[in-house]
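So the sequence lines, in the order shown, correspond to chains A and B. Position one of the first sequence corresponds to residue 9 (our numbering), numbered consecutively onward. Position one of the second sequence corresponds to residue 9 (our numbering), numbered consecutively onward.
Since the hints were made in silico from the structure, they are not lab data. Quick caveat: nothing in here was measured; it's all calculated off a predicted structure. Heads up, some of the hints might be wrong.
[Unchecked claim] In silico lysine-lysine, BS3-like type, Cα no more than 27 angstroms apart, as pairs:
| hint | chain 1 | residue 1 | chain 2 | residue 2 |
| --- | --- | --- | --- | --- |
| 1 | B | LYS41 | A | LYS41 |
| 2 | B | LYS11 | B | LYS41 |
| 3 | A | LYS41 | B | LYS11 |
| 4 | A | LYS41 | A | LYS11 |
| 5 | A | LYS11 | B | LYS41 |
There are 2 protein chains.
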Amino acid sequence: MLKPEILDPQGQAVLTALPRLGVAGISGVRQGKRFELDLDGEADAEALARIEHLASTLLANPVIEDYVVRVEAD
Amino acid sequence: MLKPEILDPQGQAVLTALPRLGVAGISGVRQGKRFELDLDGEADAEALARIEHLASTLLANPVIEDYVVRVEAD
Numbered sequence: 009m010l011k012p013e014i015l016d017p018q019g020q021a022v023l024t025a026l027p028r029l030g031v032a033g034i035s036g037v038r039q040g041k042r043f044e045l046d047l048d049g050e051a052d053a054e055a056l057a058r059i060e061h062l063a064s065t066l067l068a069n070p071v072i073e074d075y076v077v078r079v080e081a082d
Numbered sequence: 009m010l011k012p013e014i015l016d017p018q019g020q021a022v023l024t025a026l027p028r029l030g031v032a033g034i035s036g037v038r039q040g041k042r043f044e045l046d047l048d049g050e051a052d053a054e055a056l057a058r059i060e061h062l063a064s065t066l067l068a069n070p071v072i073e074d075y076v077v078r079v080e081a082d
């Protein structure tokens, strides 16, 4: 997701559309990317280190984006 | 996220780039959107119904995308 201090025009566009859609009670919207990776084998420390590297070099731009790596079973 | 049966060119592009980056052990990559919504008040049943409606009408395209609504504390 974009870092909090970075302007998020897509999130802003959704936020401003909400009243026209009659949706109230939402004070902020941020949009980002989500990647699902199918891992061969266990999500052990070595695999997670590999994915952290991938996230911080290819999948996210650490200058403007924060990212979280989550392990989810199938 | 795109439904499993829908071709995901962005995910495919990441997957084919992995060997060049020396990243092994990943057999699938899918890319999608993630929205973070700041809710005014409790995430009660009524608020979640409102967000489900928003997700299925504005934030996702139910024809080609699946979505999950998750409540996360600040």
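Inset, instruction - Could you tell me which of the hints above the structure violates, numbers in ascending order? - result: none
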